[in-house]
Structure formats: structure tokens, C-alpha cells
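Chains as they are written, first to last, in the working numbering: chain A, 1 to 705; chain B, 1 to 259.
It should be emphasised that the hints constitute simulated quantities derived from the structure, not laboratory data. Predicted model only: the values in this text are computed from it and were never measured. Do not rely on the hints blindly, as some may be mistaken.
[Said to hold, decoys possible] Here are the computed lysine-lysine pairs in the DSSO-like style, where the Cα-Cα straight-line distance is at most 27 angstroms: (1) B:Lys54 with A:Lys248; (2) B:Lys54 with B:Lys91; (3) A:Lys468 with B:Lys214; (4) A:Lys248 with B:Lys91; (5) B:Lys214 with B:Lys91; (6) B:Lys217 with B:Lys91; (7) A:Lys516 with A:Lys468.
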Amino acid sequence: MADGLFQISEPGEARARAACPPGTTGAIGIDLGTTNSLVAAIEDGRPVVLLDEEGEAILPSVVHYAAPGPGLVAAAGEAGAGAGAGEVVVGKQAREVLAARAPADTIASVKRFMGRGPEDAEAKRKLTAYRFAPGQPGESVVRFVVAGGTRTVTPVEVSAEILRALRLRAEARLGAPLAGAVITVPAYFDDGQRQATRDAGRIAGLEVLRLLNEPTAAALAYGLDKAAEGTFAVFDLGGGTFDISVLKLEQGVFEVKSTGGDSALGGDDFDRAIAEHLLARLDPGGVAAGEAAGAADADSPPERARSMARWALDAARAAKEALTTLLVVEIPPPPGWMSGPGATQGQPPPPPPLRLAREEMEALVRPILARCAPAVRRALVDAELTPADLSGVILVGGATRMPLVRRFVAEIFGREPLADIDPDQVVALGAAIQADLLAGGSANPDLVLLDVVPLSLGLELMGGVVEKIIHRNSTVPCGATQTFTTYADDQTGFDLHVVQGERELVADCRSLARFKLTGIPPMPAGLARLEVTFVVDADGILRVTAREEATGLNAAVQVQPSYGLSEDEVERMLLDSFTHGEDDVRQRQLAEQRIEASRILQALRGAMAASPELLTEDDRSHIAAARVELEQAARGEHAQPIRQAIEALDRASKEFAGRRMNRAFEEGLRGRSLGQVEAEMEKSAAEGSLDQRLARAGHRGHSHG
Amino acid sequence: MSLCWSCERDTGAGLTCVRCGALTAPVVGETFFAVLGLPERYAVDLEAAEAGFKERTRLVHPDRFARADPRARQISLRRTVELNEAWRTIKHPVRRAEYLMRLQGYDLAGEGGPTGPGAAGEGRTPPVGADPGRVRLTVPPALLNDVLELREALLEARAARDAAAVHRLGAEVAERLREALAAVARGLGGDRARDSLVGEEGDLIGAVDFVAEKTEKLDTVAEKLIAIRYYQRFLEELEAGETSPAAGGGGVSADRGSP
């Protein structure tokens, strides 16, 4: 039996549990960011970010769908043997290599499209590197055309690829299956965006325990780390979103007092402003800018325009980041650029690099940053606080590294912000704390988190006016029931339109869902009584039910999100994801065998250190050889060799193990009456094989000395 | 007596079943005061009430039941929804007063105020006005006049870009709101003491007098609460106009507010 000896788990422990290294519940926190994503977990009572095989914490949120035929992926060299046509590549390689070579097939900042329809501003932007599928009438989801035009994918599917990569990373470290995941979302995400994020998690094969607001996650990480009490503002400026939250931390209760922000404002907008400036400088005639702007026009796919757009955006991002420490940067012009498309005659000298000073960059960024100010003021008013009441201001998000942003925050709050936890990691760390809590971990058993609804939820009345049913900043979960009646005589149905937003008119709010309740018997106006109940669960996701009281008509209402995916589509994507299933199974087996290997090696080291006197020279050399073999196999990419090496090590250590077992058994007998021993042996016979009992006795003997 | 959904025995009166420790389902008809374990009166020790709210939240919150049986999760959700709604109502002085009035048979929600059925008259699905058997109140004409004048003054000040005048109007309405709220607190505060007095003496004539006096007093409170709605609305608009001048919400709301 291969695993007789070093299987040291306690009786009754489930297999899944046993696969987890000690000190973790196997629940993960994921920061699914616009630019970068991370995964973290609690290990030995502290949240840690999980690294990939190369020791990187950050996974760039970039997904490349390779075109059929001899693909770029293989050409890119680093992809390894298996990569090629039809392959999906996530992360650094997708950003650094493939985004430049195949901009349309490489989706970055997909978070900005989550839960958005083709009519949203984001999908209509001029400066874009993507191809969009032409919207069908009634189509409610954005679709990207990728893989060289052979495939369309939705933002949910793209996000699922990122989540899947993080899941595999976590499984390699913690073992599979995971106990579940908490995924963070901007506090300002609306219902459709939350639904989309949850769907992406499901498609990626995660059990989504909770969606957690990013600023709340950040405060959680700070609050527990510093054991701080008081009221904090979290200023979170990421790649694509801006969030401001005010939280009160008191005796283990984290209460969100108010939240606000803009789900379409972030570092990407800075990049875009800088990019437009660079294009204008490069080419004052506006030819390049015009070409790049033409990229949105899907009829004539101007590949060159898309790569100009990509160059400008990448150069802008690099310049912005460099100007965090430098005062001026030089940006080389795009490869092949000859100071204007007309300059084909002769060989003009390559144009000089563009110089960009920090002050110039800040002048471009400042007007966009200023859009944060009203949301900050409103969040303070909603929390009934002034800046002086705050105990601190926490910075989150990569964009808060910019000196301009820090000055802006210091000015608006009248104090220097805190930034001692890495602003890129703080959200994932907080999510891991919450995941551990939800999975029943004991790291912070008394913690309670009270989050709020970011935007009011209501129903449309006749005339396009909104009746708010759940108000902004209500603590979740929450619910409310409102009674409505018919407007016209003999009205036999209700048209219910659920909207989200603060404005008075439906046209200014976001449409969430429409449904009908029909079959009401004709009555005079005002006699029917329609009870509509809104419930927002702890994820911030809304469920609406309606019931007509007079007739007892209990409509089975199907709430169809106006934006987002239908349940059928999610099911289809789940099925699609099983085509990747084989790969997942392989990865999972590999992860399990690696964990098995490390546990056995550790147990063996312990046993050898505890009883060196029981080892013969032969044992030592056999065990050493088998150990080296196993360590090598564990570094490989295949499960089977690891399994074989484990068996070999087991054989090599068999005699040593037998001697340890005998001694433990003898020690166990000493000092006890025969009756006790007999009773124990009977009991063990009933529970399992004697071998197993003995193995456990051996383990105990070792751990006590 | 109610049966536990989990062990099917008598649960006792608490949030958790006395026998098996499972969460108990919300009690139909329980007031928000009862949900929070508070006496039914206007005066509330908010600090103690908040501590009680948080203590109860610890017991019932869905975070505690993330991986529990679906029925337990459902009950946790319902309990927490109820608890949050109760605390949202009780912690706010105006909402608390309105809720107490509702328990007394006054339906102020949606009565007369700009968000009520007046505005929804042309609505596709207008909210139902007062429940049958409830006291309906009309908005005093003096108040309507008052508010109309304030709105006009606000529109004029905005048109003239006179920030100081806008600020003055805000301060004036805020002061009126404070006064009205103080009157509400006085009106609701007295009732309890008189109730117990009548109960002890058993004075029937006094009780009749008291009923008449109480009704008058509550009518006054109701009027003040209606005025408060108008003031709050006015201040919201003023603030909305200040934080987002481009929103254009002020004009639209002003139109709707005119009867």
C-alpha cells in the first residue's frame, strides 16, 4: 500500500480537508482588477498573496485568444510546447508580447465592459483596440471578435479566463477543491455588473462565497493589521474605477457608513488623455490620431490604426508610471513611424523621441482627477461627517501611487493619506480575510462586516418617474415592500421596470430588469393592490417579486437582466468550460500530487530526525536517492512521475518505517494492563485495520519525542 | 408558541431556538422596536440601541451562514433584512417618529409630500395611498404656500447665481426643520407618561379627555412630520444643485413639486 505509512491525517478527516496544508481553510480572496488581478489566502492566521511559479504576485488582467493557423503564441517563443492555435493566454505574456502583435485578439481592461450593453459609452469609445460584434436587435451584451475573427466572446467569458488562471494558481498552492472564493468588486458596481462578476466566477469553476466591495476589503486588511479603531475614508483609484467609502471600525464590527464613486473613471482615463496628447504631438496634422480613432469602425478593419492606438496607450501608461519618480521622460516614436505617412520618399532621419514632463502630464490628468471631488464630498455628507472627523485616509489602487493623486487626496481631506500596505495587494488581502471568515476559518471569528447598497433601487411609475424602494447606503442585506395600484379602469396587467440610480427620471437611471404581471381581473382603477418586494442579498444582488393581493395572484416573475447574460447563456458557457475540463483535471491532479509529495517529504524528514538510531546505512542511501528523485519529479509538470516517485520513496523507507512502528507499538503496550490493550485492539478492529492504527501510533510516538 | 424549522420543537422567544440553537424565523407582526429589543417609545438611547443591533447582527448575519443549509441561509437573510430595516428606521429621528405614528394609525408614508400619490397621479403604477381605516391627513394650505414661496426664492437665487442667498435659504429651512423636529419629539414624548397615569387612576372621564387630547396632539405631530418632509425635500434639492450643477435635477423636481 503506497500510502500506509506517512498518511498522517487524523481519522474522520475528509479527503478535501486533508489536502489542505495546515493553517488555511482553502478559501481564497480574489481581487479581479481592471489592470491586474491577484489571489490571496489565509496561511497561519495571516493573509498572504499567492505567487505564481515565477514568484509573481500580479496577474495582468489581459487575455489573448490566438488566431487559428500558425499562431503568434507559438511564435512568441516563451509559451512552451503546448501553446498554439486556438489557445487562450492569460497574464504577463498576453500583455507584453501579444497585445502589441494582435491588439484586437488581446482583451485588456475587460472589467470596464462587465454588465454593460453595446449602447454604453465604453463600447462606443473612439480610441480602442478591439473589434466588436455588430449588435443584433435586442442584443444586450457586448461581444468581442477575437481569435483572428473566428470567435466571439463576452466580457463574462474573458473575466472567467482570468479567474480560472487564479484558481489554478491557488489550487497548486492550497490543493483542490478550494473551499470557495470571495471576489471583490468596486463598491459602485451596479446590479448588472455584480451579476456578471458572479457568473464569471461560476464559469471559472469557483464557488463564489461572496462579492465584497473593494474599499471594504481594503479597510478590512488595514483594520486587522493595525488593530485600528475609528472612522476611515478609503480612496480607491484603480485602472478603471473610482470608489470612495467611509467606514467605521469598532470592536470587530466593520460598518460601511457611505459609499460613492464612478464606475467609469480611473487610471485608464489618464492613459487615454496622455495617449491622445502623444498622438497629437507626434503628428500635428492629426493623421495618426484620425487613424487611431477610426479603429472603432468595424467595417474597414484598419489594423494599422489599432496598433497606433495600442502603441499610444502603452506609451502613455509607461510614461505615467515613470513620471511617478522622474520629472521628465523620453518616449520613442512607434516602430516604423516616419514623421507622417506621406514621407515615403527617400530615407528621412528617424524622428526624435517625444519629451513629456511631469508637469505637462499632470496638467492632462488634473481635470479628470477633479471628477473625484463631488463623490468624496457626497460620501462625507452621507456619513454625516466632515474631513476632521476621520481617523485616517487609506489609499488603494495603482493610480494612487501618482504624486498628483496623493497631493489631491491630502488637499481634499486636509491630511496626509496612509499607504503603508501595498496599494496593489491590500484589496486581495482583505478579500482573503473575508473568505476565511465565510469558510469558517478561525483567524478572526468575531468579525462582522456591514456593507451598504451603493445606489438606490426603484420602480418606474407612469410618466417616467422613479419611485425609490431601497435607498442608497442602506445596510445589506435589506429589503422593502411597496404597494401599488392600477392607474386605468379594467387594467389587467402591470409592467414593472426596475431601475438603479439617484435621479428622478428613469431616463437618467440604469435599467436593471423589466417584467410583467398579467391576469388581473378587470376592476376599477385603484382597486388592485400590487405588492412589490425588493430584497438585496449580502452580495448586493437584487431579487424582485410581485404579488397582487386582491386576487391572490402570485406571479412567478422572471426577472431578466436588461444588461448581462441570461441563465441559458451562463449554462452554455458552463458547458463550454468543460471543454477546458480535461486541462483542469490534469492541473488539479498535478497540484494534488505536488502537495502529497511535499507532505511526505516533510513527514519523512521529521521521522528521520526523531529516530536516527533506527536508520541503517543502507536505509540512508536508498532513502536519499528516492528523495532526490521525488523532489525532481515534483518540479515537473506531470502527475504520474510524481506518483511513481512517491511509491519508490515509500518502498525505500519501508524497513525504517516498520522498525518505527514496532517500537511505537511496544511503547504503547508498556505500562498498561492487558485488558486495556485488548479493549483497544477490539476497538481498532472495529474502526479500521490494525495497520492503520499502528501507523497512527507511530506518528504520535514521533510527534511526542 | 412557534415550532423550530430545524428540530420541530418549541423554539422559545429568542433569535435562536432554545433547544437546538438554530436561528428562529422572524415573528409576523413584530414591531421594529421589538425586533431590536427596545421599548415602544420615541426616546431611545441610540448608543445602547446600536450596541444591541450589532450584537443581534453577529448572531443572524449571512456571513455566519455562508456555507450552511439553504433553509438556515434563507432565515438568516430574512432576519438580517428585518434587523437592518428596523435599525434604519429607529436610528433616524424622523423615520422613528413616522413609524410610531403609523403604529398609532396615522399613515404618513406617501401622504401629501412631493414623493407621494400627488406626484404619482399620472403614474402607471401609483403607490396606494392610505390603508383602509387609517387616518388620512390633508396638507395644510399655509404649508403649501410657504413651500412654494421658498422654492420660488431658490429658483430666483439660482437664476441670479446668488450663492449667499441660496445658502441663507438653506440655513432658514434647516432651522425650521430643527424646530419642527423638536415639536415632534415633545408631542411624542408626553404620551407615554399620560398613558400610564390614566391606567393607574382608572379615571374614565379623564381617560376620555385624554383620548381627545391625545388625538389632537398626534394630529399636530402628523402635521409637523408632513412639514418636515417638505423641508427635507427642499434641502435635498438644494444640495443636489450644489454638488452637481450640471445635473439639472432642481428644475425637474421643482416642476413636479408644484401641485
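We went through each hint and held it up to the structure:
1. Taking the CA atoms of Lys54 of chain B and Lys248 of chain A, the gap is near 13 angstroms; set against the 27 angstroms cutoff, the hint holds.
2. Between Lys54 of chain B and Lys91 of chain B, the direct Cα distance comes to roughly 13 angstroms. Compliance with the 27 angstroms bound is thereby established for this hinted pair.
3. The straight-line distance between the Cα atoms of Lys468 of chain A and Lys214 of chain B is roughly 33 angstroms, outside the 27 angstroms bound, and the hint therefore fails.
4. The suggested pairing of Lys248 of chain A with Lys91 of chain B holds, with an alpha-carbon distance near 16 angstroms, which does not exceed 27 angstroms.
5. As the CA atoms of Lys214 of chain B and Lys91 of chain B are separated by approximately 25 angstroms, the hinted pair is consistent with the 27 angstroms bound.
6. The straight-line distance between the Cα atoms of Lys217 of chain B and Lys91 of chain B is roughly 23 angstroms, inside the 27 angstroms bound, and the hint therefore holds.
7. A C-alpha spacing of about 19 angstroms is found between Lys516 of chain A and Lys468 of chain A, which places the hinted pair at or below 27 angstroms, so the restraint holds.
Checked against the numbered hints given earlier, this structure breaks only hint 3.
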